[in-house]
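Line by line, the protein sequences are chains A and B. Following our numbering, the numbering of the first sequence begins with 1 at its first residue and continues without gaps. Following our numbering, the numbering of the second sequence begins with 1 at its first residue and continues without gaps.
Any given hint could turn out to be false.
Computed cross-link-like contacts, DSS-like style, restricted to lysine-lysine with a CA-CA straight-line distance of at most 30 Å [stated by the list, open to error]:
| hint | chain 1 | residue 1 | chain 2 | residue 2 |
| --- | --- | --- | --- | --- |
| 1 | B | Lys42 | A | Lys63 |
| 2 | A | Lys3 | A | Lys63 |
| 3 | B | Lys42 | A | Lys3 |
| 4 | A | Lys57 | B | Lys78 |
| 5 | A | Lys71 | B | Lys42 |
| 6 | A | Lys55 | B | Lys42 |
| 7 | A | Lys55 | A | Lys71 |
Simulated from the structure, these hints should not be mistaken for lab results. This structure is a prediction, so every number in the text was calculated from the model and none was measured.
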Amino acid sequence: SQKIEQNSEALNIQEGKTATLTCNYTNYSPAYLQWYRQDPGRGPVFLLLIRENEKEKRKERLKVTFDTTLKQSLFHITASQPADSATYLCALDPWNTGFQKLVFGTGTRLLVSP
Amino acid sequence: EPEVTQTPSHQVTQMGQEVILRCVPISNHLYFYWYRQILGQKVEFLVSFYNNEISEKSEIFDDQFSVERPDGSNFTLKIRSTKLEDSAMYFCASSEALLAGGNNEQFFGPGTRLTVL
Chain A
1 SQKIEQNSEA
11 LNIQEGKTAT
21 LTCNYTNYSP
31 AYLQWYRQDP
41 GRGPVFLLLI
51 RENEKEKRKE
61 RLKVTFDTTL
71 KQSLFHITAS
81 QPADSATYLC
91 ALDPWNTGFQ
101 KLVFGTGTRL
111 LVSP
Chain B
1 EPEVTQTPSH
11 QVTQMGQEVI
21 LRCVPISNHL
31 YFYWYRQILG
41 QKVEFLVSFY
51 NNEISEKSEI
61 FDDQFSVERP
71 DGSNFTLKIR
81 STKLEDSAMY
91 FCASSEALLA
101 GGNNEQFFGP
111 GTRLTVL
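Next comes chain A alone, as it looks inside the complex (with noise of 0.2 Å):
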């Protein structure tokens, strides 16, 4: 079956460090992978989108890679920071349709302590 798993777990980590979270997807071959980050109660922010063809995706403190024989994504921020706090979702587009019906990962919820 398709699966789209992100660690469930929440992950604490110190300011200055480094998070990295992951998304692993099976029986799915996405042509990009979207990452959104996601407050309590609030709608889904996008942050990056990483292509097939692309290794890695970096923006400001934030840095996607995207391995398409490991079926499997990982975002970086480094020097975290209290505000980086949140839900991070990854997501795809199962069948590259173009219409852009995304299916996202259950979330992985980042703690950031001063």
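Keeping the supplied structure of chain A fixed, place chain B upon it in accordance with the hints.
Only chain B this time, still in chain A's reference frame:
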């Protein structure tokens, strides 16, 4: 910065009643979506809409659900006869025209919390 807006923020209804959730997508966007998130669970796709018709829908989006773009700005989700299990946060999203071979980000609204009693 332009944003997607949704009303109401919270809707309480009795089982069997009809509800209409409203969304105003970002004005130059052409693709519109509804997702839902049951408390503590993942965000689930319901339907996508382009050029005044449904592009894709999930198995959740059965005959009880319908979408409409009644004018140039609103995008609505109607649930004809609500069930207890329809209680969830409903998110509207929109995106710009697709680039060839690429995909654009989706902009999500703040959500409507639907509580069915």
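Hints and how they fare:
{"no.": "1", "hint": "Lys42(B) to Lys63(A)", "in the structure": "holds (23 Å)"}
{"no.": "2", "hint": "Lys3(A) to Lys63(A)", "in the structure": "holds (23 Å)"}
{"no.": "3", "hint": "Lys42(B) to Lys3(A)", "in the structure": "holds (12 Å)"}
{"no.": "4", "hint": "Lys57(A) to Lys78(B)", "in the structure": "violated (39 Å)"}
{"no.": "5", "hint": "Lys71(A) to Lys42(B)", "in the structure": "holds (20 Å)"}
{"no.": "6", "hint": "Lys55(A) to Lys42(B)", "in the structure": "holds (26 Å)"}
{"no.": "7", "hint": "Lys55(A) to Lys71(A)", "in the structure": "holds (12 Å)"}
Against the hints set out earlier in the document, a violation occurs for number 4 only.
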